[in-house]
Each structure stands twice: as C-alpha cells, then as structure tokens.
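Residue numbers for the sequence shown follow our numbering, beginning at 35 and rising by one.
Check before you lean on any hint, since a few could be wrong.
Label-pair restraints from in silico Cβ distances [to be verified]:
1. V47 x R142: 31 to 39 Å
2. A150 x G36: 34 to 42 Å
3. D60 x K109: 16 to 24 Å
4. S77 x A150: 31 to 39 Å
5. S55 x K109: 14 to 22 Å
6. G36 x Q98: 16 to 24 Å
7. A150 x E83: 21 to 29 Å
8. G88 x L124: 22 to 30 Å
9. R142 x S43: 36 to 44 Å
10. I174 x T51: 40 to 48 Å
Here are the simulated BS3-like cross-link-like pairs (lysine-lysine), alpha carbons at most 25 Å apart as the crow flies [to be verified]:
11. K160 x K173
12. K128 x K147
13. K69 x K167
14. K128 x K105
15. K175 x K128
16. K160 x K147
17. K105 x K167
FYI, nobody ran anything at the bench for these hints, they're computed from the structure. These numbers come from a predicted model, not from an experiment. Glycine included, each C-beta is placed from N, C-alpha and C at the ideal position.
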Amino acid sequence: MGKTFFTTSATGVGGRTGTVSSNDSDLSFKLSRPKSFNGEGGSGTNPEELFALGYAGCFGSAFQSVARKEKSDAKAAITVAVSMNEDDALGGYKLSIAILAEVADVGRDEAEKIVALAHEMCPYSKATRDNVKVTLDVKIK
C-alpha cells in the first residue's frame, strides 16, 4: 500500500436506530431504519444513504480527474443508488449499487469512456469491485 494521505473515523452507537458521528468534525446523524426494511421510518438517515453520499462525491471527483486527463469539457452530475438486498446464498443482506452519470458537453462515446475510466479510478469503486454488483448508466444532457 502506498502513502497514506489522511485517515478519518466515525463512531456509531445503537446500530441502525442510533447515531453516527465523525470523530474529526461536527458531522453527526440520527439513524432510522426505513419502513421498507422493517423499521419505524423517521427523520434519520441510514448507513446506505451515507454510503451513497460518499460514493457520489468520490465518483464525481474521479470523473473530473479523468476528464482533465482526457482534455475533455465533459461535466457530470453523479447519482448513486445503494440498495439493500436479500443475500440468498449466504443469508442476511448484501448491497448493490447503480451509478447514473448525467453528462453534458460531450457525445455519448466520450461520456461512456470517461465514466468507465472514472469507475476504474474511484476509490469507492475499487473498494466494491468483485464484491458488490455495481452498474453504470450514462445519460447525455
């Protein structure tokens, strides 16, 4: 493993109906289990939503980096959907991820190339590769 640029951490108390807080900032969230996941609903967030937020930001940065390297004017809005699914093989649950890149200022071929390269570069994509089903979709704006 190469040089570590920074490390961050968070603490969770109470599982899916508790709280999570960053140990580095004032970032703190109340957690609620979604009704569709046998929960109470409520105004809190959930781990999957937080994962989607991080992945969208990270993938967007990877997209910008690849676009710069490719000398492309492409711009994108990245939407990441994280789904909780039954794990038939092992029991319990597993995640799946759908990434939608809404790309402007370039044609479809160039947009698809940049999205594919961003998926190769993004640390979240690397972390999920060969472990979580991730689908990519490109929409031209």
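Hints versus structure:
1. Distance hint for V47 and R142: a CB-CB separation of about 47 Å, inconsistent with the stated range 31 to 39 Å.
2. A150 and G36 have their C-beta atoms about 23 Å apart, which leaves the hinted 34 to 42 Å range violated.
3. Evaluation of the 16 to 24 Å hint for D60 and K109 yields a failure: the beta carbon distance comes to about 31 Å.
4. At about 38 Å, the beta-carbon gap between S77 and A150 stays in the expected band of 31 to 39 Å.
5. About 34 Å separates the C-beta atoms of S55 and K109, a value inconsistent with the hinted range of 14 to 22 Å.
6. Take G36 and Q98: their Cβ atoms lie about 21 Å apart, and the range 16 to 24 Å holds.
7. One distance hint, 21 to 29 Å for the beta-carbon pair A150 and E83, holds here, with the actual separation near 26 Å.
8. Taking 22 to 30 Å as the suggested C-beta distance range, the pair G88 and L124 conforms, at roughly 25 Å.
9. At roughly 41 Å, the beta carbons of R142 and S43 sit within the given window of 36 to 44 Å.
10. Our hint of 40 to 48 Å for I174 and T51 holds, since their Cβ atoms are close to 41 Å apart.
11. At most 25 Å may separate the alpha-carbon atoms for a hinted pair to count; K160 and K173 meet this at roughly 23 Å.
12. Between K128 and K147 the CA atoms are separated by roughly 28 Å; this puts the pair beyond 25 Å, and the hint is violated.
13. Under the criterion of a C-alpha separation no larger than 25 Å, the hint pairing K69 with K167 is consistent with the structure, at around 24 Å.
14. At most 25 Å may separate the alpha-carbon atoms for a hinted pair to count; K128 and K105 exceed this at roughly 38 Å.
15. A distance of roughly 32 Å separates the Cα atoms of K175 and K128; the hinted pair therefore is violated under the 25 Å criterion.
16. Using a Cα cut-off of 25 Å, the hinted pair K160 and K147 holds, with the two alpha carbons roughly 17 Å apart.
17. Between K105 and K167 the CA atoms are separated by roughly 30 Å; this puts the pair beyond 25 Å, and the hint is violated.
Consistency note: the structure conflicts with the earlier hints numbered 1, 2, 3, 5, 12, 14, 15, 17.
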